[in-house]
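Let's have the full structure, built from the sequences with the hints guiding it.
Single-letter residue listing:
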Amino acid sequence: MQAIGDFLSGLWRESVKTLKILSRNKMGLFGFILIVLIVLLSFVGPFIWPPETSANVTEINQGASAQHWLGTDFQGQDNLRKIINGGKDIVLIAVITGVLSMLIAVVVGSFSAFVGGWVDSLLMELVNIWLTIPKFPLLAVLATVLALKDVVTLSVLMAVLEWPALARQVRSQVLSLKNRDYVEAAVMLDLGTPRIIFRELLPNMMSFVAISTIFAMTHAIYQQTGLVFLGIVPYSSANWGVMISAAERRGVLFNPQAAWSILAPMAAIVIFQLALVSFARSLDEVFNPRLRTSV
Amino acid sequence: MSEPLITLEHVQRTFDVKGQTITAVNDVNLEIPAGEVLCLVGESGCGKTTTGKMIAGLLPVSYGRILFRGQDIAALAPAERKSYRLGVQMVHQDPYASLNPVQTIADILAAPLQHHRFTRGEAETRKRMRELLEIVDLTPPDDYLDKYPHQLSGGQRQRVSVARALTVNPAFIVADEAVSMVDVSIRISLLKMFTRLKDEMGVGVLLITHDLALAKYFAWEGRIGVMYLGRLVEIGPARQVVGHPQHPYTQVLLSAIPEADPDVTRAKPRIALRSTDVPSLLRLPTGCTFHPRCPAFAGEVCAREVPALKRAGWGSDVACHLAQAHEP
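Sequence order for the protein chains is R and F. According to my numbering, the stretch in the first sequence is residues 1 to 295, in order. According to my numbering, the stretch in the second sequence is residues 1001 to 1328, in order.
Relax, there's no trap hidden among the hints.
Calculated cross-link-like contacts (lysine to any residue; reagent style SDA-like; alpha-carbon spacing at most 20 Å):
id : chain 1 : residue 1 : chain 2 : residue 2
1  : F       : 1192      : F       : 1154
2  : F       : 1018      : R       : 121
3  : R       : 17        : F       : 1106
4  : F       : 1053      : F       : 1076
5  : R       : 178       : F       : 1103
6  : R       : 178       : R       : 190
7  : F       : 1192      : F       : 1220
8  : F       : 1147      : R       : 15
9  : R       : 178       : F       : 1058
10 : F       : 1082      : R       : 192
11 : F       : 1192      : F       : 1131
12 : R       : 178       : F       : 1102
13 : R       : 20        : R       : 30
14 : R       : 20        : F       : 1148
15 : R       : 178       : R       : 192
16 : F       : 1147      : R       : 13
17 : R       : 88        : R       : 51
No lab work stands behind these hints: they were computed from the structure.
Here's what the structure looks like:
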């Protein structure tokens, strides 16, 4: 019990410290708050503003007004409401793809760096070959074969395609860290391999891992949007990519009044990406004590 | 005589570099009793750091044996392996690379204390950490515990490195150029700290340095060993090695140390080398490896036979064909 209590109070202290560090970087705080807002809106919003089920023929392709803040689409449905309901998929895809591909990359990359020798050479050669395959066309082909009905399957597939590039970067990080003097000191103090990996090595590459994860997330969002836009992934559910694709097909190019229908989801994607990237910038300070002004 | 703490028997270490074999350490024999201060001096590439790393168990030997309390460190039973692993610690040269930048001083010191159950509970750990910081002259200790390494100076970091080594109560510390990268003004106080560890806690110290003047100061009560191209060429009590150097290489090194008084330095006879080029480790000279540069070169025997390290005068062991076994 004592240990659990210690752990929880330690976790609490760490979180407060992290928030304090975050709050000192205006860009990072802005990104962090924006991310929290988008996630809240996407996961809680649908309960407050459920999706409209019927079309409103009288209100097709309208511009912004007091009634419809972001206008209406080709079915006369409110764009803002659609954006609130379409965020969940995007957030899920970003998180699952980003975290999963980074997890695989950390495991494979560190393993390769630690074992070394022919295992390392073989793994990295496979990664090299993998990197030469153009991912987007491959994803397009796979998507037709695998019938990607839900976001989770699509995210896992993207993660599986994405990890090799990250694994290479993780490997080089581990290679440069594992010969540091302080790792040697930990070996002499007989602290054990798990501690050396989790306390000496990983924390020193956390900022790299976190920032790469975030960039993998933004990449995943663009990829998903592209796939929907090309019509490769069936748009069974409503999300921002589906909104763009639908607006394009329903004549937004010929009807200037419908511009809101394509600009609104685009803006949503851009704002989410902006939030992620500006948050990534401040993560450096959280993980690297040298960059902090003081704690 | 009691059993030495560390014994090196015909220790050799080779490295393969691009298909060629470099012998970094060659046939080194050494006995270090518990609580002794020993300085290894030599120019860069002479194998002094490699020797230190082998003693600390960071590099395996290629040939020969290293014994810790009479046991070969390459073949220890688990319980003995632990006593060796914790018994011999090392302080690195670069204080800016030897501490994990994302951990506070308290994290760094608490890890070995808690992992090996030297202390129990947070309060006891903190108390022990304060004691350790006081031993290495970081006072008041509470000013340092919650700092990160980058907030400390080079000398302070080096003290933290020593405190970290002391967490596991070692019997022996290998200090690899441990004072070379800190300010000259800090060096003396660091060396005094090592001397105090020896006097008060009986911790043996092997100081590896390229600076003979520093070795002379530090090892005054102990021994100095001089290495040249992987071999130990002279070893003996510091006063004898400095006062009566017998190997020509040691003589040259000592003649090159400037004295505090410029007039004395100018008047000091300087022994000239026959060649200032250090031979490549890939193509070591035959016989005595020092013969191409040796000011006392005595002809064929030097170029043909490797001199053995044997007892010469004044209690020193010297590897030179010309050294005479005589007592003063």
